[in-house]
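Undergrad: Residue numbers (our numbering), protein chains in the order written: chain A, 1 to 361; chain B, 1 to 241; chain C, 1 to 401.
Hints listed in this document are in silico derivations from the structure and should not be mistaken for laboratory results. Just to be clear, a hint being listed does not mean it is correct.
As the list claims (entries may be wrong) - Cross-link-like lysine to aspartate or glutamate pairs, in silico, EDC-like; alpha carbons within 20 Å at most:
(1) 126/B / 173/B
(2) 7/B / 155/B
(3) 151/A / 249/A
(4) 159/A / 328/C
(5) 126/B / 112/B
(6) 159/A / 244/C
(7) 30/B / 112/B
(8) 164/B / 183/B
(9) 12/B / 68/B
(10) 30/B / 173/B
(11) 30/B / 179/B
(12) 76/B / 249/A
(13) 131/B / 26/A
(14) 7/B / 25/B
(15) 182/C / 328/C
(16) 159/A / 35/C
(17) 131/B / 233/A
(18) 182/C / 35/C
Claimed, not checked - Quick list of simulated restraints, FRET-style, between CB atoms:
(19) 350/A / 249/C: 54 to 62 Å
(20) 378/C / 137/B: 54 to 62 Å
(21) 325/C / 178/A: 20 to 28 Å
A virtual CB, placed ideally from N, CA and C, is assigned to each residue, including glycine.
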Amino acid sequence: MTEETTAMPLSETGSGSERERRSPIEWLRDQREHRAHLFLLAIMLLASIAVIDFRTWLVLTISGVAMGAVLFLMASGMTLTFGLMSVLNLAHGAFISLGAFAGGTVLAFWLDGFASSPSFLTNLVAIIPALLFAAFIAGVVGLVFEKLVIKPVYGDHLKQILVTVGGSIILMQLIEVIWGPNEIPVTRPEALQGAFLVPEALPLIGGIVLEKYRLVAVVLGLAIYAGMLWIIDRTRIGILIRAGVESREMVEIQGYRIHLLFLGVFIAGSALAGLGGVMWGMYKELLTPHMGDEMMISVIVVIILGGLGSIRGCFYGALLVGLINLYIGFVEPRLAAVATVGLMVGVLMWRPQGLIPVIKV
Amino acid sequence: MAEPILKLSGVKADIDQYHILHGVDLVVPKGELTVLLGRNGAGKSTTLRTIMGLTTLTGGTVTYQGQDISRWPTPKIARAGIAFVPESMGIFGLLTVRENLVLAAVSGPMDEARLQWIFDLFPPLKKFWDKPAGTLSGGQKQMLAIARAVIEPRDLLLVDEPTKGLAPAIINDLADAFDQLKEQQVSILLVEQNFNFSRRLGQTVAVMNDGAVVHAGTMAELAENEELQQDLLGLGLGAHQ
Amino acid sequence: MLSRILSEDFPRSKTLTALLLVIVVSLALGPFLFDGIRAFTTLGMICVFIMVVAAYDLMLGYTHIVSFAHTMFFGIGAYGVAMAVDGMGNSFGAVLVGIIGALAVSFVLSLLLGLLSLRVKAIFFALVTLAVAFAFLSLVTQLYNITGGEDGMRVRVPRELGPAFRPFENSLPGIDVPTLLKGLLTQPWNIGQVWQEATFEVRFNGRNVMYYVLVAMATGVFLFLLRLVNSPFGRVLQAIRENEFRAEALGYRTVVYRTAVVILSALVATLAGAGFALINRYVNPENTLNFELMVFILLMCVIGGMGTLYGAIVGSTLFILAQNYLQDLLGWVGQYTAGIPLVENLLGEDHWLLWFGVLFVLSVYFFPAGVVGQLRIWALQRRNRKSPPPSGPEAEPVAQT
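The following block holds chain A by itself, in its conformation from the complex (with noise of 0.2 Å):
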């Protein structure tokens, strides 16, 4: 029944014979310190279900994953800016909003006649363009602010979170300036509204009840981040960005211009940035220029929680962060918000450098 709990602290577990030999406690010491983050996640999934009704805890767990899926593309690409650059862009936030209007604009505006059509297909004509528009919006926004604000204070930490602040504030306000600053409602496209229900027959998931679009972010956010994840292992461009991460130094002297490269991750961690938050519009069904900012708090616990710089950790830190949310939101919804940033504050205890660390700051 939970798969999910013990197939993943197994599936990247080393061979089994090994680990026959030793004692259980030993094994679950040596999770602890070398896999933390499944370690973590176990521990999560265990205490919520154990008090937590079992099919209560699955939508609750399935919609965490999906929360988790969404913030994931909102705070990967702050993280590998930092990891590569050092660059602490704060004004990410602003790029979230970005793309949620520019989005939701295309679906709310533009192409609301696809939207509002009950066939799939149809939305799709209206989903896909929203979801391209978002990214490219905030894709090039991204290239003038990192031209503009940030080039000019590399190497400068001060001085960037100074800069981006400033050009947060300044975003924001042309957000407001060209879709004004009133909240604008988003209705979700047809057939991403409403829920499934499990059939009753099914055993111990029978009847239980999903929303469509919490599983459409799942699927999404799973592609990009195995995308991601294939990016980064197994092509060039991804050895570039793990080697930039390490050093900036030696890749210049093996002859890659590492600006260059930093500003295509830069770009692109804008335009995941926007389609985080078109997708994060789309749930809420609400645009308001504040919008990022109300997620950079969950972003910025997801990439110290992973470790700065670590894809892999943001993926992680964001489902602990979206299943914690969903399961102490169940239990006593004030304390998200608290429970959020506990979390984050006793990872650091334990571990400062993150849970999956690739660089030092």
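Starting from the structure of chain A, add chains B and C where the hints point.
TA: Frame of chain A, contents of chains B and C only:
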């Protein structure tokens, strides 16, 4: 002396507010191995870093194959055919041996024959091919560092103290590797403190002191003249391992 | 005498001295120089934020610690007083209990944050404080049965600090400077009438008393911090800022100093928060804890000039004036641009912050030393031009970023 591949004239460089190089004049002849000797803090490493464009040059010129490369950015210098192995080796520890080499082959996929040659030179690299480079021993890392520098044909190698902290057996392997590179007519500028190693490999030699080159000539000449060694290097033979 | 009060840290620029004098005189005689409730509120806010920003400068400017939890401590002070008078009635005793309680809470929290900074590096610290401050904000918003949630709390101040209290029988004379200046510029021939129009009656009440309490607090806090940064303690802070490793190597326990700075700055912010609650008589998450407010504090500190303390006075004044009056200016410009589609929007009075943001980014690039730092640099250059060899303590770098 062969025609120079690299020529430094009056090169000055600062690190923070300190003047490190006070006008370095140095010639690296084409197809030869030049050793740059000198005490700690004489400015040898800074000279290499300045050639690579990693330290900002504040005066003088660096000429490479007839071009003034003084103001070129580092990647452009690298692409012009200069490979640099820093003292720290600069291995990407989280990348595998293979990935380290894939990156070093800037212009595309690695050449199979050349890779085979590298495996023959440094067998451990083949053994640990898919292991993270951070798990290699110090000597193996140095092998990888040098392999990275020669994975593609290069015109000039700058190598900073490759023997530092290595066991004698490995130093011998390295010396063999440098001999093979010399046979291939690769020009090499080697910073060394180990005089025995330098004497075995070097054809020309330059000695630095306090941010300037104070002696330049052939290795044979310096090797024979113990008084000069004492004078320039302040060391008797064998003081260094 | 003056040199002792200012701890021998003078403005070191004639323009700056003049600017500071104008601000200080305006604040000191505020209720007698500016008519109207809006001006009064503005003056009060400037006093509050001089304290908040000076405390922030101690961290940011003097020690290069970036914290986003400053509003949290400000809020603790404000809510401490609000909750105390809410629970115990509007007596001075309740206010005192509120302040002491708030200081205690801030002390514990800032100590924990300071200790956390042992475990993490500087850039992490900024992010961690941001998250912690956010958690606090969300807690205050959610626990509405004791904090009033989004609606906030009305602060019932002691009678002596409220509008009903009249320490003087008669009203006092006041001259409204803006009216006077406007009159002198537009109709200088009519000086008698201008004078008459500018005079107004000041009904000195408890709110004015509270204002002067604030002025006294701001003065005390500022002079204390000025003394502090010019003491051996302050010199160690600057040594840490310039080179932490070297400071450590010289035998200073940098961790102790950094933690002390975080705590001290938090306590001053708490005190300022208490003052804010008493003068504003209304606290809510937006006016005490919001992230936007935190950004404003950062802007004030940087625009005034980091690491100068005088920057806190100049920065707070400029920013709060801009916040309150830049909208008027934009509104005035707006009359002439109405009808031009995008420009009209860009120059709309709601978007004063946009222009402030642009100004801020530009000033970080071109005047990283802020107003105070830049004025000092210019003064120094002028002095050097007069007497070529730069010498003496004046030649030290004015501000580093």
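Undergrad: Now tell me if each hint is right for this structure.
TA: Hint check:
no.	hint	in the structure
1	126/B / 173/B	holds, 16 Å
2	7/B / 155/B	holds, 14 Å
3	151/A / 249/A	holds, 17 Å
4	159/A / 328/C	violated, 31 Å
5	126/B / 112/B	holds, 13 Å
6	159/A / 244/C	holds, 18 Å
7	30/B / 112/B	violated, 27 Å
8	164/B / 183/B	violated, 24 Å
9	12/B / 68/B	holds, 15 Å
10	30/B / 173/B	violated, 24 Å
11	30/B / 179/B	holds, 15 Å
12	76/B / 249/A	holds, 13 Å
13	131/B / 26/A	violated, 25 Å
14	7/B / 25/B	holds, 8 Å
15	182/C / 328/C	holds, 16 Å
16	159/A / 35/C	violated, 40 Å
17	131/B / 233/A	holds, 14 Å
18	182/C / 35/C	holds, 14 Å
19	350/A / 249/C: 54 to 62 Å	violated, 30 Å
20	378/C / 137/B: 54 to 62 Å	holds, 59 Å
21	325/C / 178/A: 20 to 28 Å	holds, 26 Å
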